[in-house]
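Participant: Listed here are the chains, written in short residue letters.
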Amino acid sequence: MKILKLWRTLKEGFQNFVRNGWLSVATISILTISLYLISLTFMIGITTDLLLKNVQDKINISIYFNPAMEENDIVAIKNNLQSYKEVKSIEYVSKEKALEEFMQMGNNDPAIKQALDEIGENPLLASLVIKANQSDQYEIINKAIENSDFREDISRINYDKNKIIIERLNKIVAFSKEIGMILGSLFVLIAILITFNAIRITIYSHKQEFEIERLVGASNLYIRMPFIFEGIFYGFSASIVSAALLLVTAKLISSFVERTISQDNVMSLYLSNFWQIFGILFAIGILLGVISSFIAIRRYLKK
Amino acid sequence: MEQQEIIKLENATKMYPGDFVALDNVNLSIMKGEFVSIVGQTGAGKSTLLKLIYAEEDPTMGEIYFNGKSVREIRRKHLPYYRRNIGTVFQDFKLLPQKTIFENVAYALEVNGEPTDEINEKVPEILDVVGLGSKLEMYPRQLSGGEQQKVSLARALINCPQMIIADEPTGNLDPISTWEIIQLLLKINTLGTTILLATHNREIVDKINKRVLVMEKGKLISDIQKGKYNL
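Those protein sequences? They're chains A and B, same order as listed.
Using the numbering used here, the first residue of the first sequence is number 1, and each one after it goes up by one.
Using the numbering used here, the first residue of the second sequence is number 1, and each one after it goes up by one.
Careful, some of the hints might be misleading.
[As the list claims (entries may be wrong)] Listed next, the in silico EDC-like pairs over lysine to aspartate or glutamate satisfying Cα-Cα at most 16 Å (straight line):
#, chain 1, residue 1, chain 2, residue 2
1, A, K113, A, E101
2, B, K8, B, E63
3, B, K99, A, E209
4, A, K2, B, E34
5, A, K163, A, D149
6, A, K5, B, E56
7, B, K94, A, E211
8, A, K78, A, E146
9, B, K219, B, E34
10, A, K95, A, E121
11, B, K226, B, D206
12, A, K131, A, E101
13, B, K69, B, D58
14, A, K95, A, E70
15, A, K78, A, D153
16, B, K187, B, D24
17, A, K78, A, D149
18, A, K113, A, E100
19, A, K5, B, E118
20, B, K217, B, D19
21, B, K99, B, E118
22, A, K58, A, E91
23, A, K11, B, E103
24, B, K51, A, E211
25, B, K207, B, E180
26, A, K5, B, D58
27, B, K77, B, E103
28, B, K69, B, E10
29, B, K94, A, E121
30, A, K5, B, D117
[To be verified] Over the 10 Å line for every Cβ pair with chain B, so calculated as not near, a few chain A residues:
#, residue
31, L10
32, S148
33, I190
34, G217
35, A218
Derived from the structure by calculation, the hints contain no laboratory data.
Ideal Cβ placement from N, Cα and C applies to all residues, glycine included.
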């Protein structure tokens, strides 16, 4: 009998959903906007993150060693530095490689080649190019190197030159995270409020029916269940629409940032995680729908 | 034949905030199978009396008994089961606007968990009885007032209740529809269902010629078997 009643309330919820017509369309639209706002906040967050990571990747500290240093010793230092948890990667650039890159940079200009020939030896220094996990960790790495026992073997560190850029980047990262958090939670709050209100209006329009249903002998649960199901239908429809909207947005954003971000494109990120994103939207949509219905109907079921 | 008491009111009193006394110390006993008309002017306490019986309101003082059991002691959880013993009909019909005639009547069975094939059998039958067998798929707004009240009556009857409470059921109806509804109520009564009818239609009360309760300012001022409308 319980399953029969559950089935009936499901049917009833679906009927309400269909027969409400424009009210359903309005509720779905509002729920869609809510879901879209929430996911857009995250999408912008992710894009900013990607953009910043991209810039971060271009930053590094290079340490140049005295010409007398043997390659073995430099590799030993490299291995030592690699054990730092702040260090993401270290690349060893030998004198020869540095020269090669230098030549390439100058388009193999014969004048440069001549100049080098006159010197008679490779004037460039071997170096280690260090990348940190986070841009605010360069300061720590720099300090560690300054205080290390191999400080004397180092000819120069280019940290100071990059310092300003790194600090500015750190500020941007911190700021965008803060703004993202504030805007994100604001949007989520607005989304919850408008959804709750929309569903409250839908339920208000059924106000008189609750009394009738009660008089006919329906239990509170029997009266409530169709609205819970209706909430599920709203959530389901809205999550489909907002997933589609999000697809269009991802396409727009990715064409916009394409020149800056080549790998990890927003679009491919969206597509590769589509089912996860859809699942989350679906869950949030249903949760919003069901909880709003549940709360909104409570005041009409006193007895 | 020994008569059984279906409704008993003991010193039933209902006060609303502001010390407004809607029902003042009413004692009353109604037997199974009786047809009782309750008359009185607007605000005399007729509707309040009925509300206490179908447990929409609790009495402020006193007790209401249904088949010897105190209504006050029915737990909230069990109220829906209690209400299925009492069919209600109102002046404003109280039909669900988004449901068809069939669905409106079927709803009263669905909430009981009745099997679907039984619903499909019983609902057209009862709608035939009230003369609406051909309008199953129509919506309430497509029917006249008299027809809507017949649907409401069919819904009240579908659970085979022990009692029908009708609060001004003909208040919105033309004379012909009014008489049709009253005749249906009389017919239902002859089949053994207790009827409680609140009205201020003098003509009907005189024609019915059964027990009449007169209420005034929340008090029961007269109770006459085979009464006429005297106010």
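Participant: Against each hint, give a clear statement of whether it holds in the structure.
Facilitator: Hint check:
A distance of roughly 13 Å separates the Cα atoms of K113 of chain A and E101 of chain A; the hinted pair therefore holds under the 16 Å criterion. The straight-line distance between the Cα atoms of K8 of chain B and E63 of chain B is roughly 8 Å, inside the 16 Å bound, and the hint therefore holds. For a cut-off of 16 Å, the pair hint linking K99 of chain B to E209 of chain A stands: about 11 Å separates their Cα positions. The suggested pairing of K2 of chain A with E34 of chain B is violated, with an alpha-carbon distance near 37 Å, which exceeds 16 Å.
Distance check on the hinted pair: K163 of chain A and D149 of chain A sit about 23 Å apart at the alpha-carbon level, beyond 16 Å; violated. Proposed proximity of K5 of chain A and E56 of chain B is contradicted: the alpha carbons are some 24 Å apart, above 16 Å. A C-alpha spacing of about 9 Å is found between K94 of chain B and E211 of chain A, which places the hinted pair at or below 16 Å, so the restraint holds. Annotation: proposed proximity of K78 of chain A to E146 of chain A holds, straight-line Cα distance about 15 Å (limit 16 Å).
A hinted pair counts as satisfied when its Cα atoms are at most 16 Å apart, and K219 of chain B with E34 of chain B does not qualify at roughly 21 Å. Restraint check: the Cα-Cα separation between K95 of chain A and E121 of chain A comes to about 11 Å, which is no more than 16 Å; the hinted pair holds. Between K226 of chain B and D206 of chain B, the direct Cα distance comes to roughly 9 Å. Compliance with the 16 Å bound is thereby established for this hinted pair. Distance hint between K131 of chain A and E101 of chain A is unfulfilled; the C-alpha atoms sit about 19 Å from each other, more than 16 Å.
Using a Cα cut-off of 16 Å, the hinted pair K69 of chain B and D58 of chain B holds, with the two alpha carbons roughly 15 Å apart. The suggested pairing of K95 of chain A with E70 of chain A holds, with an alpha-carbon distance near 11 Å, which does not exceed 16 Å. Our distance criterion of 16 Å between C-alpha atoms is met by K78 of chain A and D153 of chain A, whose separation comes to about 13 Å. A distance of roughly 33 Å separates the Cα atoms of K187 of chain B and D24 of chain B; the hinted pair therefore is violated under the 16 Å criterion.
Taking the CA atoms of K78 of chain A and D149 of chain A, the gap is about 13 Å. The hint holds against a cut of 16 Å. Restraint check for K113 of chain A and E100 of chain A: the C-alpha separation of about 11 Å stays at or below 16 Å, so the hint holds. Between K5 of chain A and E118 of chain B the alpha-carbon distance is near 15 Å, which keeps this suggested pair within the 16 Å criterion. With a CA separation close to 14 Å, the supplied pair K217 of chain B and D19 of chain B stays within the 16 Å bound.
Restraint check: the Cα-Cα separation between K99 of chain B and E118 of chain B comes to about 19 Å, which exceeds 16 Å; the hinted pair is violated. With a C-alpha separation of about 13 Å, the suggested pairing of K58 of chain A with E91 of chain A holds against the 16 Å cut-off. Between K11 of chain A and E103 of chain B the alpha-carbon distance is near 12 Å, which keeps this suggested pair within the 16 Å criterion. Taken as a hint, the K51 of chain B and E211 of chain A pair is honoured in the structure, with Cα atoms around 13 Å apart against an allowance of 16 Å.
Distance hint between K207 of chain B and E180 of chain B is fulfilled; the C-alpha atoms sit about 13 Å from each other, no more than 16 Å. Among the hinted pairs, K5 of chain A with D58 of chain B is inconsistent with the structure: their alpha-carbon atoms are about 29 Å apart, more than 16 Å. Our distance criterion of 16 Å between C-alpha atoms is broken by K77 of chain B and E103 of chain B, whose separation comes to about 25 Å. For the proposed pair K69 of chain B and E10 of chain B, the alpha carbon gap of about 12 Å is at most 16 Å, so the pair holds.
For the hint pairing K94 of chain B with E121 of chain A, the CA-to-CA distance comes to about 103 Å; that exceeds 16 Å, so the pair is violated. A hinted pair counts as satisfied when its Cα atoms are at most 16 Å apart, and K5 of chain A with D117 of chain B qualifies at roughly 14 Å. A cut-off of 10 Å between C-beta atoms confirms that L10 of chain A is not in contact with chain B; the least separation is 12 Å. In this structure S148 of chain A is separated from chain B by more than 10 Å, as the shortest Cβ-Cβ distance comes to about 76 Å.
The non-interface label for I190 of chain A is consistent with chain B: the shortest C-beta to C-beta separation is roughly 31 Å, beyond 10 Å. Interface exclusion of G217 of chain A from chain B breaks down, the closest Cβ pair being 4 Å apart, not more than 10 Å. Listed as outside the interface, A218 of chain A is inconsistent with that label: its C-beta sits roughly 4 Å from the nearest C-beta of chain B, within the 10 Å cut-off.
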